[in-house]
Each structure stands twice: as C-alpha cells, then as structure tokens.
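Peer 1: Spelled out, the chains give:
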Amino acid sequence: MFLKVLLVLLLGAGVAYYEVPKLQQKRELMVFSCFLLIGLIMALALVLNIPLPNPTNAIEFIFGPLVRLLYPG
Amino acid sequence: MAIEQGKISNWQALLLVSNSILASMVLITPALLTKEAGQDAWLSVLIAGLLGYLIGLFVVSLGLRFPEKNLVEYSIDLLGPWFGRAVCIIFALFFLHVNAYLVRAFSVLLITETIPDTPFSVLNILLVILVAYGVYLGLEVFSRVNEIIFPLFMLAGLIIFALAAPEMDFEQLKPYLTHSFSGILWGSLILASFYAEGSFLLMLIPSLRNPKDARRIVLPVSLILLAVISIDVVGLISLFGAQETSRMLFPTFELAKTVSLGAFVERIESLVVGLWVSSVSLKIMAFYYVSVLILAEVFKLKDYRPLVLPYAFILVVLSVIGWEDTNHVRFYLSRYYPLVAVTVMTGTTLFLYIASSFRRNDKKGGETQ
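Chains as they are written, first to last, in this note's numbering: chain S, 1 to 73; chain E, 1001 to 1369.
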C-alpha cells in the first residue's frame, strides 16, 4: 500500500518535473496543475481503496429510463 | 488560432477514421448483434451501414460549413463562450469514457485469451503509456503509423477469413427474418453507435490538407466498414451459428483459433492479437488526441501536450473503476452505450448544425462571409 502511494506520487512529481519548465503562461500552469491534481487524487483514491464516483453508473442512471423504454424484450 | 499545425492527407484521414471505427467494432459487436438479432444480424449490418453513411454525411457537412475552423472554435462562435465550451466539454468527456471502455476491452481480451494471470490494471497502465507516447508525438505521426498498420490489419483479416471459409456452412443463415424487427433495429443501433464515434473527424477537418474534399472520404469509409463487418458477421454465423456466436466474448478471435492449414499453419490467433493491439491502440490514440485537443482549445492553451500526461492518470483510473467485471462491460455495451453514443454524438452535431443554419440566415442580409 505504502509503496503504491509512493509510486503514484513519484509519477506525479515526474510528470510535473517534465512539463512545468515548458509552461510559460500562468494560465497553462493553472490548467495543467488542475488536471494533474484531479488525476493524482483519483489515482490515490484507487490505490487506497477509497470509493470514487463511477461515471458509468451515472450514465446508466441517466439513460436507464430510456433504455427500459426502448430495449426490446 | 488552431493548436494543431500538422497536416494529414485525405487518404490518411480516410484510413484513420476507418481504423478508429473498425478496431473495436470488428471484435466486439458480432456477439452483441447475434444476441439481439440472431442469424438475421446481416440485416442489422445493412441498416446500420445506411445509418452510418447518413451520420457521416451529416457530420462532414457540419464540418464543411467551417472548413478552416475546428469544433471548439465554431461552437464558441455559434453558441457563445460559455455554452459553446460546455458542448465541447461534453464531447471531450464522452471520448474520455469511450477511451476508458476501449482500454478495458483491450485488457479483457488479453487476459481472457492470452495472459490469464496478469492483473488487468498492469495492462491498462502499459497501454495508456504507449498511447500517451503516440499522442505526444502528434497527429501526423500516428496517422502515418496507421497508414501502415491498417492495411496489414485488413489483409490479415482477409487471409484468416479465407482460410476459415471451407469450414463455413451457409445453411446456418436460414431461416431468414424470424427475429423481431425491434431486435434487428436494436442491433443496428449498436453498430450505429460505433459509426457515431466517427464524429471525432469534426476536430480533424481543419488539419486536412484539402478540407474541401472531406465529403469524398465518407463513402469509402462507409463501404470499407460495411464490407468488413458484413463479412465478419456472416462468416461467424455460418461458422459457429448464431446461438454459439452470441455466447462468445470475442467471436472473431475464436474464428482465428479454428484456422488450420495443412498440419502446420495453426494458432494464428496470436497474429490477430498482435495486429488488434496495434490497431486498437491507434484507435485510442485518435480519441485521446481529439479529447485532449478539445480540452486544450476550451482552456485556450497554446499546446495540447501539457494535458496529455495528467489525462493518462484519469484514463487509467476510469478504465479500472468504470466497470466491475467483463460481464458489466458487455452489458454496458449492449444496453447503454448505443443510446449514449447516438444521442450524444448526433445530438450535439444536430444542435450545432441547426445553430449554424440560423447564423447563416442572419448573415445573408448583412455582411457576407
């Protein structure tokens, strides 16, 4: 568990180390860090077995009534 | 100003779109189709071919209204900065989710067929690293790779079907038209959802060398797809029968297993796996690229490359948590995905098309464009 968390953080740091020097504008830095933060939070939650909201369930919930209406049989 | 400076020829675009629709369709859909439509699945294929051609014409005619601009630029022009961006983000998130199921389908295939003891997250991570590398290199690079891989994929498929042909029994296609028409229609909806994925061309039209000729690639793409998928479905039904095909996970792969020529050409399914892995990774590259490019345009970045690696984290996590098991992937693909893809893709395209028609009428009186 600890090793996996360390690996995810190292990967994140590696990505930041690789990309950040190339970003000149403040806006680019902001967008990049937001995306990296979302990605890292999701990866850490996955590694630590914290349940994440599942987009597939959301889609199945939204389209459920339509599928039940149209699906034959 | 467009981010992508690279240009691809129309021939490369044709092959890229064909590959991006075909790579997963040819392996996944026959089982789903025969479950819904039984031995009448060929009729679903024909209906879907027509639907796909219409969707393609429609998508290209939207793109050709603004041949110099990509999806994000003209949806901002048409719908305003906030609403236009929201529509584009829906596009990007849809392709993110498509990518997640593709990555999952890739690891499902490798685990069930070739390396059963490997945890699937390892395969997901490896594939996403490969794909992120391809996207990082840019549109021109993976379109050129696709120009080599896709004809090979087609050739290998053709040879395998030709070798399997002596075993086929076309009596299995009888009796005709015994299944309910709604089942057949649902089958064609499943296929049409894969055709609808071709809407990613909207982001590529400004990168074509001759955007004006984009309409000419629609017919060849639909004919290639129709030919391949109908040979696939008819061959599978006549080899295994509709009942048996619908129970398999990847029937095309099982077909490759049955091939034996003389006593020495056997087990060529590893060839299929190799080619399929390369072709599905090209498919994921195309969608990954489009999704990242849309996000970069939406947030007004100068380049899409800073987003590639953070996106890879999100993609790996989604592909792992999105579906509980293989059965869930299959259930999702046969029930929900057709409606999701068709409504999201054709819905947004239709919406933009209507908006652009209004815009055009406005412009007629005043300035000319």
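No lab work stands behind these hints, which were simulated from the structure alone.
Hints are supplied without guarantee of correctness; some may be wrong.
[Unchecked claim] In silico PhoX-like pairs for lysine-lysine, Cα to Cα no more than 25 Å straight-line:
1) E/Lys1212 - S/Lys22
2) S/Lys26 - E/Lys1302
3) E/Lys1300 - S/Lys26
Peer 1: Would you pick out the hints that fail for this structure and give their numbers low to high?
Peer 2: 1
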